[in-house]
Amino acid sequence: MRRIGWKLGIVLAALFLSGCGERLELEMQAFVVAIGLDKAEKENLIEVTFQISNPQVNTSQAAEAQKEPPADIVTITAPDLLSAKEMAQSSLPRKITFSHLETILIGEELARDKLFKHIIGSAIIDPEMRREAMMIVTKEPAKDFIKNNNPTMETRPHKYYEFIRQNWKHTGYVPLSNLNTFYQRTDHELFLAVYATAQRDPEEHENDDTYLAGQVPQSSGDPVQMMGSAILRNGQMIGTLDGEETRLSQLLRRKNLIEAMTASFPDPANEEYRISVVFNRSENSKIRVNTDRSPAKVEVMVPMKMRINSNLSLEDYTRNEERQKRLVKAVEERLEKKSDELVMKLQEEYGGEPFVWYAATRKNFWTMKQFEDYGWSEHFTEADVDIDFEIEIESFGEQIRPPSLKQGGK
Amino acid sequence: MSDFLKRLFSGDSAEDRSALNQVPNDPFSDRLEDNVKQLEDLFLYPANDALKSRALSIPSINRRARVLFIAGAADTEKINDHIIRPLLASQPAEEGKEPSVDDIKDNTLTITGSETIADFREAVRRLINGSTVILIDGEKNAIAADTAGFEKRSVSEPTREIVIKGPNNAFVEATDVNQSLIRRQLKDHRLVSETVTVGKESPQNVSVLYLDNIVDKTLVQNVKDRIARVDKDAVLTLSALEELIEERPYSLFPSIMTTERPDRTSSFLLEGHVVLLMDNSPEALIAPITFWSLFHTAEDQFLRWAYGNFARIMRLIALFTALLVPAIYLAVITFHPEMIPTDLLLAIAGTRERVPFPSLMELLLMEITFEILREAGVRVPTPLGTTIGIVGALILGQAAVQANLVSPLLVVVIAITGLSSFALPDLGLSVMVRILRFGFILAAFLLGFIGIALAFAALLAYAASIKSFGVPFFSPLSPHMPSSRDLFLRPISRKQNLRPQSLSPQESKRTEQEGGAGS
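Top to bottom, those sequences are chains A and B.
First residue of the first sequence? That's 1 in the UniProt record's numbering, and the numbers climb one at a time after it.
First residue of the second sequence? That's 1 in the UniProt record's numbering, and the numbers climb one at a time after it.
Don't read these hints as lab results, they were simulated from the structure.
Errors might be hidden in some of the hints.
[Stated by the list, open to error] One-sided excerpt, in silico: chain A residues whose CB lies under 8 Å from chain B:
hint: 1; residue: Arg23
hint: 2; residue: Phe31
hint: 3; residue: Val33
hint: 4; residue: Thr59
hint: 5; residue: His100
Backbone N, C-alpha and C define an ideal beta-carbon position, used for all residues, glycine too.
Build out the structure end to end from the sequences listed, making use of the hints.
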């Protein structure tokens, strides 16, 4: 008995003495759900905006505090993110924690600055940072974006960002951009970040996806729009891609991330109307890079399935194989043309690719060093790119054929 | 201090105060009056009116005799019909051909199980076990006839190990009934029932049952040795015996289990376990046991393969829930808030804002309330049972939350944990899990998930190291031995043809056996 007691004492002492410093009750922490990073007026300083969720609003009936706002917004000017976190403590009684921080907003001005990569690079040192946090580049300063973003239904900000984070999967208007991918592509590869704004500047386009955030013709509702992407190279923003280019850049990847996306095209059977189709990609694209020749050659084959969504011209595609072939051909050609334009733009203006083609290229080399010496991004700007879409019609929608309204008029 | 503890726990066994040994081992005299007087003195007659006697004269030998028995232990109807009536009805024998005591025992009495005895100690032993002693004038031998007639209840339904499908009879307090329940299941001539006694002062019979062709003989010897080593004046029930023959009385892990189901007992016998039965105990002790014996229920085999395994998966989830959920809850909300969805986190944080205690206090408060409720529920007289439900539901559910004493989510955590501990089939396992839960809560409080992981590793290491009668606790899973893999899940019945080799049965395959196969 005495011997066991002694051992038990050691075990308990080890447990008690090992320190419980990390322990903190939930109600004593302030959960930051979004942060905004902006350039401050003074050189090398940044403005950090914390959006802190209020646990007493819309969480549970027992905790409801009716007159409090759903979130508290605090802006601090500091040399870096972590010192801002510490400085915010001067006014906040609860301990700020990033453990539920899943949205990082970056003002375009800061993103285009050299300072940005230093700020974001040092932020990851904090173990509380989540690498799956979504990175959004905002057209205006991030602090204004946070202030102006007041969605009617998702009053609690974390819920808003949680839902919007899923958006790219169904539309492809914005890329998947989280901190993890960002840290993977800090070299010459291009990284696409979600581009958003809360300022409206509507334009009207014929195509449904050639907009950039803010340009979508929308007249009421929440001012926030997320569309297109910001191009980052070496941790610095160098340009933007609109919705259509963003979609194409996701189709040209080897692995599919988008579940489905809707797009419209001029109807080949009747040019005055547009036909809108839903694409989904079940297989991976085939990418072959030939680095033995100069310039290098990239061959991309994108298999896609197409479902006809709305058919404004009311032409019957179901019973006419000839028309189906023409439709497929028209869509393929259009996509190929647009893709070629995008690749050319990237080669000439931005000197890199966001399609993860470097992974396919890397396979051609025996060692990492050989690959690095080869210098893929320089070779990419010169490369011959051959993109081939292979589209298959999956169905013609719920109704087998369009209603025969037109035939009555004939 | 250790001396004190030793005295406290080991009990005082220095002097041999065995009552039966104090009875003089004298042989009977040939005078009837002397023998009767001597027995009456031993039973403190007339102060003690338990010893009943009837004087009569046996016509066949034309001598006086006394029929003695203990009221309450013997069945008087049996005595009247099978002893007194035949004795009185015997025909006077011819001169010189008078029957001997043995002749009377064999040819006059119409009762089985009679023996001749020659001394007082044996007479007392027989009398207290319900036998009737017949003393005959002029004879140095007496007849002891088995007329035991202790009161017993009829076989009823099990109360602890309830099944929906399957046999529904349970052991009662009488060994002979229990043995008959087992033998009805297991019709095998090699089912051995050995009787050993335990308790010095008021000895009780313990039946050791095993299948002679299957069981490991060293195991039987081991069990019998342990029973022989019991040094107590009286062992009244199997539960008391369980603790006395256990290897680790201080351990939380049981090394013997009890079951009240004859069908379960029989299936254990078929696997090569040893079963102990005892009068006054409506259950059977089974040794050795493994974790699987505690985890399985009889119904797993009665239900079809998929249904039985579904129940087992649920039970496994319940086991981990009952053991770990409060600890995980505490670890998550004090150390690892990043683990739960933001909505849930904010809901907990919001309700916790008005709770005045730290999470540990809050959790312990509810846990202890629940344990008290549970204990009260067992002890409360049936007519008051509903009160417990109302008070419990009110206190635990609503009032505590409305008074801001605990957060609502914690009530859910405690309720799930409590419910899960009820789903554990064995009482020992269930209590063990409830106690260990507090250990895990402490570990989570100190070190979060690391604490839980350390505690769990220590628990597993201990559980894997212990043995019950030489059989490792997690065998045949670990150490791995051939078996029919009836562990977490069970294979279909046809494939269960191998006995667990961890019990070293003499016949490893079930199908080679002649009788009793296919439990």
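Inset, instruction - Tell me if Arg23 of chain A is really an interface residue toward chain B, meaning its C-beta lies closer than 8 Å to one of theirs. - result: Status holds, d = 5 Å.
Legend entry - Hinted contact Phe31 of chain A with chain B - closest CB pair below 8 Å: At 7 Å from the nearest chain B Cβ, Phe31 of chain A passes the 8 Å test, so the hint holds.
Inset, instruction - Grab the minimum C-beta distance from Val33 of chain A to chain B and call the hint holds if it beats 8 Å, violated otherwise. - result: Constraint on Val33 of chain A satisfied, holds at 7 Å.
Legend entry - His100 of chain A as chain B interface residue, shortest Cβ-Cβ below 8 Å: With Cβ-Cβ at 5 Å, under 8 Å, it holds.
Legend entry - chain B contact restraint for Thr59 of chain A - C-beta distance below 8 Å: holds (4 Å)
When each numbered hint is compared with the structure, no violation occurs for any of them.
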